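One-letter residues, chain by chain:
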Amino acid sequence: MEFTVAQIAAILGGEVEGNPDAVVNALAKIEEGKEKSLTFLANPAYTEYIYTTGATAAIVSKSFVAEKPISATLIRVENPYESFALLLETYNKIKHNKQGIEQPSFVSPTAVLGSEVYVGAFAYIGANVKIGNHVKIYPHVFIGDNTQIDDHTIIFSGVKIYSDCVVGKHCTFHSGVVVGGDGFGFAPNSENNYKKVPQIGNVIIEDHVEIGANTTVDRATLGSTIIKKGAKIDNLIQIAHNVEIGENTVIAAQTGVAGSTKIGSDCMIGGQVGIIGHLNIAKGTKIAAQSGIGNSIKNENEIWQGSPAFAIGDYKRSYVMFRKLPEMHAKLMALEKMMLEKNKA
Amino acid sequence: MEFTVAQIAAILGGEVEGNPDAVVNALAKIEEGKEKSLTFLANPAYTEYIYTTGATAAIVSKSFVAEKPISATLIRVENPYESFALLLETYNKIKHNKQGIEQPSFVSPTAVLGSEVYVGAFAYIGANVKIGNHVKIYPHVFIGDNTQIDDHTIIFSGVKIYSDCVVGKHCTFHSGVVVGGDGFGFAPNSENNYKKVPQIGNVIIEDHVEIGANTTVDRATLGSTIIKKGAKIDNLIQIAHNVEIGENTVIAAQTGVAGSTKIGSDCMIGGQVGIIGHLNIAKGTKIAAQSGIGNSIKNENEIWQGSPAFAIGDYKRSYVMFRKLPEMHAKLMALEKMMLEKNKA
Amino acid sequence: MEFTVAQIAAILGGEVEGNPDAVVNALAKIEEGKEKSLTFLANPAYTEYIYTTGATAAIVSKSFVAEKPISATLIRVENPYESFALLLETYNKIKHNKQGIEQPSFVSPTAVLGSEVYVGAFAYIGANVKIGNHVKIYPHVFIGDNTQIDDHTIIFSGVKIYSDCVVGKHCTFHSGVVVGGDGFGFAPNSENNYKKVPQIGNVIIEDHVEIGANTTVDRATLGSTIIKKGAKIDNLIQIAHNVEIGENTVIAAQTGVAGSTKIGSDCMIGGQVGIIGHLNIAKGTKIAAQSGIGNSIKNENEIWQGSPAFAIGDYKRSYVMFRKLPEMHAKLMALEKMMLEKNKA
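Chains as they are written, first to last, in the working numbering: chain A, 1 to 345; chain B, 1 to 345; chain C, 1 to 345.
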C-alpha cells in the first residue's frame with residue numbers, strides 16, 4: 001500500500017512541510033527509517049535522529065523547531081505519538097480486512113455465520129457453531145461442535161477450539177492456540193495405573209481477551225475454565241482445567257497455572273512462572289519471572305519472587321546473601337576456629 | 001442431548017424420588033448446579049449443598065437421609081460417585097462417536113484404514129499408513145508416510161505425526177501435539193558453524209498413553225524415542241530424541257526431558273521440571289515442580305526438589321534458611337564484631 | 001527402501017567381506033542392530049558389540065582386525081563414521097524428496113512458486129507470496145500475504161508464517177512453529193485496562209536456520225525480529241518481538257527471550273532459560289539450563305548460571321553452601337551460645 005504524504009496529512013489533520021507528493025509505503029522507528037518509510041518524533045531524547053533519518057517523511061509536533069536542515073518531509077500535528085498510533089491502527093485494520101468464505105472450507109449445515117465474516121480455506125466449523133458478525137476465521141482453524149464466537153473476534157490460522165466453548169467479542173487468538181483440550185485428570189485405579197477422569201466442562205473466554213501463539217487453555221472437568229474480560233495471555237502459556245483468570249490480568253510467556261487456581265483481576269505475572277493448583281491469587285498481585293507460587297496470596301497488590309516465592313524485597317535481600325554464601329561460610333569457619341582456640345587457651 | 005430423570009435412573013439401576021419426567025441436559029458440581037443439570041452427592045462435606053443446589057436432579061446414596069426439604073429430584077443408587085463417573089464416561093463416548101470420512105480429506109491410496117474410523121475434513125494420511133479400527137482422526141491431522149495408529153486411538157484436530165512412527169491402542173493425543181519432529185542434533189564443523197545430524201529414528205508410543213496439547217516428542221537420531229504403556233503427558237512438554245518414559249509415569253505441564261534420558265515407571269514429575277540428557281531416573285521417583293535434575297537418580301521412590309535438585313526434605317530445610325539469610329548474616333557480623341572486641345580487650 | 005550390501009558398498013567405495021547380496025532396509029546403532037539393519041563401528045569402546053550385533057551388515061574400518069567370528073557382513077571403508085553419516089544424509093534426502101503440488105491446496109493467483117517445489121494438500125499460500133526453488137511446503141502450512149521463502153527451505157506440516165515475513169535459504173521449520181504472530185504489546189489506558197499496540201513489523205529469518213516444533217517467533221512492533229544465519233532453535237521456545245538472535249547461536253528447548261533483547265553470535269543457551277527484555281548478550285556467552293538473565297552480559301565467552309544468573313563457578317560455590325545452610329545455621333547458633341556464655345562468665 002502506498003500513500004502520498006499529502007494523503008496521510010489529510011487523515012491526521014496535519015500540515016505538510018516539504019514535498020506533499022512524496023510516497024511512503026511503510027512505518028518505521030526514527031533510527032531505522034529508510035526510503036519510502038514514514039516515521040515520527042515524539043520523545044525529545046530522539047531529536048538528534050530527525051536530522052539523520054533516512055525516512056521519506058516524519059510526523060513532528062507543531063511546536064518542533066528544527067536546528068539543522070532535515071531531508072524528510074515533515075507532517076506537523078498536535079500530538080505526534082497519537083497520530084502515529086492512529087496510523088498503526090489504520091494499517092492494521094486494512095491488513096486484517098479479509099472477508100468472505102474461501103474454498104475449500106468446511107462449514108456444518110447447522111452452523112450459523114454472522115454478517116461480514118471471513119472464513120479462510122481449510123477452516124472447519126462444526127455442528128451448531130455460532131459465529132458473530134465481523135469475525136475473522138483464518139485458514140486451518142478448527143471450531144468444534146456447539147462452540148460460540150462473538151462479534152469482531154479474530155482467530156488466526158491453525159487455532160483449535162474444541163466443542164462447547166464460548167468466546168466473547170473483540171478477542172484475538174494467535175496461531176497454534178488450543179482452547180478446550182481435556183484437563184489433565186487421572187485417578188489411580190486398583191491395577192496401579194491411571195484411569196482418565198472425563199473432562200466434560202468447557203472454556204469461557206470473555207470480551208477483549210488476547211491469547212498468544214501456541215498457548216493452551218484446558219476445558220474444565222465440570223463447569224468452566226474462565227478467562228475474564230480484557231485479560232492478555234502471551235505465547236506458550238498453560239492454563240489448566242477450572243482455572244479462572246481475572247479481568248485485565250496480564251501473563252507473560254511460558255507461565256503455567258495449574259488446575260482450579262483462581263487469579264484475581266489486574267495481576268501482572270512474569271514469564272516462566274509456575275502457580276500450583278487450587279490457589280487464590282489476590283487482585284493486583286505482581287509475580288516476578290521464573291517464580292513458583294505454592295500458596296494462596298491473600299493481600300492485594302503485593303510483589304512476589306522466588307521458587308517458592310515470597311515478598312520480592314525479602315527475596316532480593318536473601319539472594320544477595322546467597323551470592324555471598326561462600327564468604328559467609330569462610331567467616332563462620334574462621335570464627336569457630338578462633339572460638340575453639342580461645343576455649344583451649 | 002436431553003434425558004429424563006427416569007431414563008438416567010434406568011441406566012444407573014437407581015430409584016427416582018420426585019419427578020421422573022424432569023429433563024436434564026448437563027452434568028454439574030453440586031455447588032454449581034443450575035436448572036436442567038444433574039449433580040451428585042458423594043462427599044459428606046458437601047451435604048449442605050444438596051438443600052440449596054439449583055440442579056434439577058441429584059444422584060444420592062440409598063442410605064442418604066434428608067434433614068430438610070430438597071427441591072431436586074433424587075436418584076438413589078448404591079455408590080453415587082461411581083454412578084456419576086459412569087455418566088461422565090457415557091457422555092464422553094457419545095460426544096466422541098464421530099464416524100466416517102469427511103470430505104475433502106487426503107488419504108493416500110496406499111494407506112489402510114480399519115473399520116468404523118473417523119477421518120475429519122482436511123486430515124492428511126500419507127503413503128503406507130495403517131490406521132486401526134475405531135480410530136478417530138480429527139480435522140487437520142497430519143499422519144506421515146509409513147506411520148501406524150492402532151485401534152481406538154483418538155487424534156484431535158491439528159496433531160502432526162511425522163513418518164515412520166508407531167502409536168498404540170487407546171491413546172489420546174490433543175490438538176497441537178507434534179510427534180516425530182527431528183531431534184535437536186548438530187555437530188560443529190570446521191567452518192565454526194553447525195551441521196545437522198540426520199535424525200532417522202522414529203517415535204514409538206505404546207497403549208493407553210495420553211499426550212496433552214502442544215506437547216512435542218522428537219524422533220530418535222537412530223532407534224526410537226519411546227513412551228511406554230499408560231504414561232500420561234500433560235500440555236507443552238518437550239520430550240527429546242531417544243528419551244524413554246516408563247509405564248504409568250505422569251508428567252505435568254511444561255516439563256522438558258533432554259536427549260537420551262530414560263525415566264522409569266510410576267514416576268510423578270511436576271510442572272516446569274527440566275531433566276538434562278543421558279540420565280537414568282529410577283522407578284517411582286517424584287520430582288517437585290520447577291526442579292532441575294542434573295544427575296541420574298538411582299534409588300527408587302525418592303522425592304527431589306531444587307535446581308539442581310536434591311532430597312526434598314533437605315531442600316525445604318535449606319530453603320527455610322535461605323529466607324533467613326539476611327538475619328543469619330547480621331548475626332554473623334555481630335558475632336565477628338564481639339569476637340574482635342574481645343580479642344582487643 | 002531396500003538395498004543390497006553390494007549397492008551400499010558401491011556408494012561408499014568400500015569392500016564387502018561376507019554376503020554381497022544380503023539386503024538391508026534400516027540404519028541402526030550397533031548395540032540395537034536387528035535383522036535387515038546396517039550398523040557401523042567407529043568408536044573402539046563399542047568393539048565388543050560387533051561380535052554380538054544382530055545387524056545384517058556393518059561398516060568397519062579397513063584396519064579393523066576381528067578377534068572372534070562376526071555374523072554380520074562387513075563393509076570396509078577408510079572412515080566408518082563419515083561413511084555412516086553419508087548414508088544418513090542420503091537416506092534423509094530420499095525421504096524428503098517430495099515434489100509437485102498436491103490437491104486440494106490453496107495457492108493465491110498472485111503467489112510465485114519456484115521450480116521443483118512441493119506444496120502438500122491443504123497448504124495455504126497467500127497473495128504475493130514468493131517461494132524459491134526446491135522449497136518443500138508440507139500439508140496444513142499457512143504462508144501469509146507477501147511473505148518470501150527462499151530456496152531449499154523445508155516447512156513441515158502445520159507451520160504458520162504470518163504476512164510480510166522473510167525466510168532465507170536452507171532453513172527447516174518443524175511442525176507447529178509460528179512465525180510472525182503479534183508481539184505482546186499493550187499500553188494501559190485511562191479506563192484502567194489495556195489497549196493493544198499494533199504490531200506492524202515483521203520477522204526475518206536468515207539462511208540455514210532450524211526452528212524446532214511449536215516454537216513461536218513474534219513479529220516486531222516496528223522493524224524486524226531477526227534470527228541470523230545458522231542459528232539453531234529447539235522446540236517450544238519463545239522469541240519475542242524485536243529480538244535478534246546472532247549467527248550460529250544455539251538455544252535449547254523451552255527457553256524464552258523477551259522483547260528487544262539482542263543475543264550475539266556463537267552463544268549456547270540451555271533449556272528453560274529466561275532472558276528479560278531490552279538486554280544485550282555478548283558473543284559466545286553460555287547460559288546454564290533454567291537460568292534467568294536479568295542484566296546485559298558485556299564480556300564475551302562467559303558462562304552464567306542461576307536465577308538471577310551470575311558466573312557459573314560462583315553460582316556452584318554458592319549452591320554448595322545453600323545445601324549446607326542448615327548445618328551453617330546450627331554452627332552459628334552454637335557459636336552465639338558459646339559467646340553469650342563466655343560473656344556471662
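It should be emphasised that the hints constitute simulated quantities derived from the structure, not laboratory data. Take the hints with a grain of salt, since some may be wrong.
Pairs involving identical chains hold if they fit within one copy or between any two copies, as the list cannot separate such chains.
What the hints assert, rightly or not - Derived SDA-like pairs (lysine to any residue); straight-line CA-CA distance at most 25 Å:
1) K316 with Y118
2) K324 with D314
3) K286 with F186
4) K324 with M338
5) K286 with P188
6) K130 with A6
7) K229 with E191
8) K29 with K93
9) K196 with K229
10) K196 with H134
11) K93 with N128
12) K298 with G132
13) K29 with K262
14) K262 with N128
15) K169 with N43
As the structure is a computational prediction, the values presented were derived from the model and not from experiment.
Here's how the hints hold up against the structure:
Proximity of K316 to Y118 under the C-alpha cut-off of 25 Å is found in neither arrangement, the shortest distances being 50 Å within a copy and 54 Å between copies. For the homomeric pair K324 and D314, the shortest alpha-carbon distances inside one copy (16 Å) and between copies (9 Å) are both at most 25 Å. Taking identical chains as interchangeable, the C-alpha atoms of K286 and F186 lie at most 25 Å apart only when they sit on different chains, with a minimum of 17 Å there against 32 Å within one chain. For the homomeric pair K324 and M338, the shortest alpha-carbon distances inside one copy (21 Å) and between copies (21 Å) are both at most 25 Å.
For the identical chains of this complex, K286 and P188 are inter-copy neighbours only, at 15 Å across copies versus 36 Å inside a copy, given an alpha-carbon limit of 25 Å. Neither within a single protomer nor between protomers do K130 and A6 lie at most 25 Å apart by alpha-carbon distance, with minima of 43 Å and 32 Å respectively. In this assembly of identical chains, the alpha carbons of K229 and E191 lie at most 25 Å apart only when taken from different copies (13 Å versus 44 Å within one copy). With identical chains, the CA atoms of K29 and K93 are at most 25 Å apart within one copy only, with a shortest distance of 20 Å there and 43 Å across copies.
In this assembly of identical chains, K196 and K229 lie within 25 Å of each other by CA distance solely across copies; the values are 14 Å between and 32 Å within a copy. Taking the shortest alpha-carbon separations for K196 and H134, only the inter-copy value of 19 Å comes in at or below 25 Å, while the best intra-copy value is 39 Å. With identical chains, the CA atoms of K93 and N128 are at most 25 Å apart between copies only, with a shortest distance of 19 Å across copies and 29 Å within one. Taking the closest pair of Cα atoms, K298 and G132 never come within 25 Å of each other, the shortest separation being 39 Å inside a single copy and 52 Å across copies.
For a Cα distance limit of 25 Å, the shortest separation of K29 from K262 across copies, 17 Å, qualifies, whereas the shortest one inside one copy, 40 Å, does not. When the C-alpha separation of K262 and N128 is checked against a cutoff of 25 Å, the pair qualifies neither within a copy, at 31 Å, nor between copies, at 46 Å. Taking the shortest Cα distances, K169 and N43 never come within 25 Å of each other, neither inside one copy (34 Å) nor across copies (39 Å).
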